[in-house]
Amino acid sequence: MSAFSLNHVYESQQFDRSLLDIVFSTADEMKADLQTRDRQHADALKGKIMASLFYEPSTRTRFSFESAMARLGGAILTTENAKEFSSAAKGESLYDSTHVMCGYADVIVMRHSEPGSAKTAAEVSTVPVINAGDGSGQHPTQALLDLYTLKDSFSNIDGVSIAMVGDLKYGRTVRSLSYLLTKYDKIKIYYVSPDVCRMDDDIKTYLTQNQIEWAEEDDLTKVLPLVDCVYMTRIQKERFHDPEDYVHAAGKYILDLKKVQMMKADAIIMHPLPRVDEIPQEVDQDPRARYFEQALNGLYIRMALLKLLLDQ
Amino acid sequence: MSAFSLNHVYESQQFDRSLLDIVFSTADEMKADLQTRDRQHADALKGKIMASLFYEPSTRTRFSFESAMARLGGAILTTENAKEFSSAAKGESLYDSTHVMCGYADVIVMRHSEPGSAKTAAEVSTVPVINAGDGSGQHPTQALLDLYTLKDSFSNIDGVSIAMVGDLKYGRTVRSLSYLLTKYDKIKIYYVSPDVCRMDDDIKTYLTQNQIEWAEEDDLTKVLPLVDCVYMTRIQKERFHDPEDYVHAAGKYILDLKKVQMMKADAIIMHPLPRVDEIPQEVDQDPRARYFEQALNGLYIRMALLKLLLDQ
Amino acid sequence: MSAFSLNHVYESQQFDRSLLDIVFSTADEMKADLQTRDRQHADALKGKIMASLFYEPSTRTRFSFESAMARLGGAILTTENAKEFSSAAKGESLYDSTHVMCGYADVIVMRHSEPGSAKTAAEVSTVPVINAGDGSGQHPTQALLDLYTLKDSFSNIDGVSIAMVGDLKYGRTVRSLSYLLTKYDKIKIYYVSPDVCRMDDDIKTYLTQNQIEWAEEDDLTKVLPLVDCVYMTRIQKERFHDPEDYVHAAGKYILDLKKVQMMKADAIIMHPLPRVDEIPQEVDQDPRARYFEQALNGLYIRMALLKLLLDQ
Numbered sequence: 001m002s003a004f005s006l007n008h009v010y011e012s013q014q015f016d017r018s019l020l021d022i023v024f025s026t027a028d029e030m031k032a033d034l035q036t037r038d039r040q041h042a043d044a045l046k047g048k049i050m051a052s053l054f055y056e057p058s059t060r061t062r063f064s065f066e067s068a069m070a071r072l073g074g075a076i077l078t079t080e081n082a083k084e085f086s087s088a089a090k091g092e093s094l095y096d097s098t099h100v101m102c103g104y105a106d107v108i109v110m111r112h113s114e115p116g117s118a119k120t121a122a123e124v125s126t127v128p129v130i131n132a133g134d135g136s137g138q139h140p141t142q143a144l145l146d147l148y149t150l151k152d153s154f155s156n157i158d159g160v161s162i163a164m165v166g167d168l169k170y171g172r173t174v175r176s177l178s179y180l181l182t183k184y185d186k187i188k189i190y191y192v193s194p195d196v197c198r199m200d201d202d203i204k205t206y207l208t209q210n211q212i213e214w215a216e217e218d219d220l221t222k223v224l225p226l227v228d229c230v231y232m233t234r235i236q237k238e239r240f241h242d243p244e245d246y247v248h249a250a251g252k253y254i255l256d257l258k259k260v261q262m263m264k265a266d267a268i269i270m271h272p273l274p275r276v277d278e279i280p281q282e283v284d285q286d287p288r289a290r291y292f293e294q295a296l297n298g299l300y301i302r303m304a305l306l307k308l309l310l311d312q
Numbered sequence: 001m002s003a004f005s006l007n008h009v010y011e012s013q014q015f016d017r018s019l020l021d022i023v024f025s026t027a028d029e030m031k032a033d034l035q036t037r038d039r040q041h042a043d044a045l046k047g048k049i050m051a052s053l054f055y056e057p058s059t060r061t062r063f064s065f066e067s068a069m070a071r072l073g074g075a076i077l078t079t080e081n082a083k084e085f086s087s088a089a090k091g092e093s094l095y096d097s098t099h100v101m102c103g104y105a106d107v108i109v110m111r112h113s114e115p116g117s118a119k120t121a122a123e124v125s126t127v128p129v130i131n132a133g134d135g136s137g138q139h140p141t142q143a144l145l146d147l148y149t150l151k152d153s154f155s156n157i158d159g160v161s162i163a164m165v166g167d168l169k170y171g172r173t174v175r176s177l178s179y180l181l182t183k184y185d186k187i188k189i190y191y192v193s194p195d196v197c198r199m200d201d202d203i204k205t206y207l208t209q210n211q212i213e214w215a216e217e218d219d220l221t222k223v224l225p226l227v228d229c230v231y232m233t234r235i236q237k238e239r240f241h242d243p244e245d246y247v248h249a250a251g252k253y254i255l256d257l258k259k260v261q262m263m264k265a266d267a268i269i270m271h272p273l274p275r276v277d278e279i280p281q282e283v284d285q286d287p288r289a290r291y292f293e294q295a296l297n298g299l300y301i302r303m304a305l306l307k308l309l310l311d312q
Numbered sequence: 001m002s003a004f005s006l007n008h009v010y011e012s013q014q015f016d017r018s019l020l021d022i023v024f025s026t027a028d029e030m031k032a033d034l035q036t037r038d039r040q041h042a043d044a045l046k047g048k049i050m051a052s053l054f055y056e057p058s059t060r061t062r063f064s065f066e067s068a069m070a071r072l073g074g075a076i077l078t079t080e081n082a083k084e085f086s087s088a089a090k091g092e093s094l095y096d097s098t099h100v101m102c103g104y105a106d107v108i109v110m111r112h113s114e115p116g117s118a119k120t121a122a123e124v125s126t127v128p129v130i131n132a133g134d135g136s137g138q139h140p141t142q143a144l145l146d147l148y149t150l151k152d153s154f155s156n157i158d159g160v161s162i163a164m165v166g167d168l169k170y171g172r173t174v175r176s177l178s179y180l181l182t183k184y185d186k187i188k189i190y191y192v193s194p195d196v197c198r199m200d201d202d203i204k205t206y207l208t209q210n211q212i213e214w215a216e217e218d219d220l221t222k223v224l225p226l227v228d229c230v231y232m233t234r235i236q237k238e239r240f241h242d243p244e245d246y247v248h249a250a251g252k253y254i255l256d257l258k259k260v261q262m263m264k265a266d267a268i269i270m271h272p273l274p275r276v277d278e279i280p281q282e283v284d285q286d287p288r289a290r291y292f293e294q295a296l297n298g299l300y301i302r303m304a305l306l307k308l309l310l311d312q
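Residue numbers (our numbering), protein chains in the order written: chain V, 1 to 312; chain R, 1 to 312; chain B, 1 to 312.
Any given hint could be a false lead.
Note: identical chains are not told apart, hence a pair may lie in one copy or across any two.
[What the hints assert, rightly or not] Below, a list of computed lysine-lysine pairs in the DSS-like style, where the Cα atoms sit at most 25 Å apart: (1) K83 <-> K237; (2) K48 <-> K31; (3) K237 <-> K151; (4) K222 <-> K119; (5) K46 <-> K31; (6) K46 <-> K259.
Hints were generated in silico from the structure; no laboratory data involved.
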């Protein structure tokens, strides 16, 4: 499997374009393998153990990783309750927990509320650590599956124009995706959000430094006809001081079927899920709706990462 | 496996007598296979994944399903915490959760507090959904294992007389079992309960329409000598307005060894478990006590359903 | 596997020296097997099911058992929530829970808050029960792995001198380890603790009756140069009436690098983990620090027990 040089996956910054290519082509291979009856990779990780160490529950992400491991024939140890480790009462450090846990498993998938915790764990661990979300920090496998969904839809990510819509200030996924898009050429990003949750300057500066075209816009309908992808996110009520503002903002950023009709015929709609009401269910039948496919792409990406990290 | 035509199992009403026959003969086959050293079905579901989606914990039911899957060589993803999905905070619909989850598993076993939720999930899911209890609604695999226990004891269910005892108004199991007994001939049902928790009229009307003989009785001792099966259930304190009434009622419906002696020699005692004190431990040694066997029958029934749904 | 005569493992008292020898040599075999690429025991328990019945969460212990089972190719049913079984609301007895559970699994690993519960479960169960800690009672696999760590370090446990430090009154591990050391010759034990948490008389009397030399000491630095092993445990704040006393005591029993230098060059430091601050992280690099190895030995011991109980 040649040039996959990572021992851990804790942040998007670890990936350059050649690593992304390896991950995506391995994901393609996994996807194809799952469609065969006589699966070639069904026992690829037989005898290996994955520990799901979730310090906060996230059934969707955990099941996606565990399904990936099971589809490759590996075994799973799981907890949604890992914070019991580091409880005030017992006071054990993440350092000690990781040190012990890496004796029991061949790969650790970790979800933690503290930014940077996956990287800390990776420094101690003798086995690969994969970050499944560390608070307001990173969620690199989500960023990879988002990018993979673009690649899957347009075959070439270069040249794609994308609108990111909703809560851009606090949204971990849109930040990571923006970051990774700088690896590609002729990207154009539109940030569409209410004033209170605009994309932070650090990302915008980074994009400019990397010759990525970007613009801000608060009117979703203006942007819809222009882009290849509309990436929707939830707008959270608690960001708004005045409940009136929330109702107004939420209404403006709902992508209903009428707005969908303003999009290009071959454009796509993405969403990291869970959604609340920013995409009504009526949109699900539109061929542009790709969010459930996107969730499924998480399986292929996680299979690819597990295989690349464990089966070298 | 020929004529097993179901894609999902969400309610007892899906089963007619020919489907019941297929389930029971497959359960027989599973039971026999487990007793062999060189098990023929040990890898029947190798490479398949079952997701246990429990929106409320029920260790017994969950383990019964997961043991069934493991005995057939399948893999398991599990949560007792699935309600985190649909939390007020995130607000995701069961529709979306199911849509995502069916990409990660080959069969979904769901426990939910909301009646009808398993059927809703089945409508969306691209993989089989099995209802493991939906609130006050259905618990079809319990009804199947109850019926299978009768069949296992009397070889022919036709002609069986059964007393259902305890909380008949709120007891999901006695309602479903009553319903399924209409598929058989010459059944006689005695409903034995305190006044406050008598069987509802809908079931009694349904029985009459289907030519099933039934009677109501509040004196357990009168019925004991007449029946082939005494199906005990818990009487819950909170149903009674006056605590005195509860003590009186509970006392009347305790099946102690003295009362057991009033039963026919070849009659059987069933209980869906957990029990509290309606059957004292002294009864366990009596050969008529079949409630632990009944729990074990749950394993065979669930193996049968998994095999029929996944290995066609 | 000859003379392993136990059907269950619920307390240290079940082990005599010949049983300990069998467990330790099997653990050696497991450890060696894990280091081979073409593992001989990878499928030793294929088709077997272990149920982790944790009435209170303990991710570390649970993962250690589950990793052991997975390394031998077995399947796992798991709950950290087993107390839901015996909830006041449902009121089911451990007797009934065990009775049902032993139909679903080939071995039950149980953690419970009630002393004696594992033994109670073993009396009912038709499959092996392993005690993974029952409140203030026993934690026999911890005692076995502690002893195995001594054996692993000194090849012969006879003649070992050991200081047990910290909370000796409430510490389950030091009590069990003291008990098992009576099976060996020429042992010397130093109990080093603040006044409020000295070792209870029952153990001291038992040691004397079994010709084991022991002494009490409150100055850790005096003992350090004398012993082959320093077994550290946490001192819990809540044992002290006066917070001042705690600060003073905790300070005296911290094994920092300066104190470590007073130990023999070939002595070892053990700790059952989790640690708080009684061993600072600076000590981890010292070759005498063996607590992470000790945790790993838990894996080999548990593999050995599972194999001995299930693969006879």
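Hint-by-hint comparison with the structure:
1. K83 <-> K237: Only across copies: K83 and K237 sit 21 Å apart there, 28 Å inside one copy, limit 25 Å.
2. K48 <-> K31: Both: 21 Å inside a chain and 16 Å across chains, each within 25 Å.
3. K237 <-> K151: neither (33 Å within a copy, 56 Å between copies)
4. K222 <-> K119: So K222 and K119 fail the 25 Å test inside a copy (40 Å) and across (41 Å) alike.
5. K46 <-> K31: This pair counts as both: shortest intra-copy Cα distance 19 Å, inter-copy 19 Å.
6. K46 <-> K259: neither (48 Å within a copy, 46 Å between copies)
Violation of the numbered hints given earlier is confined to hints 3, 4 and 6; the remaining hints are satisfied by the structure.
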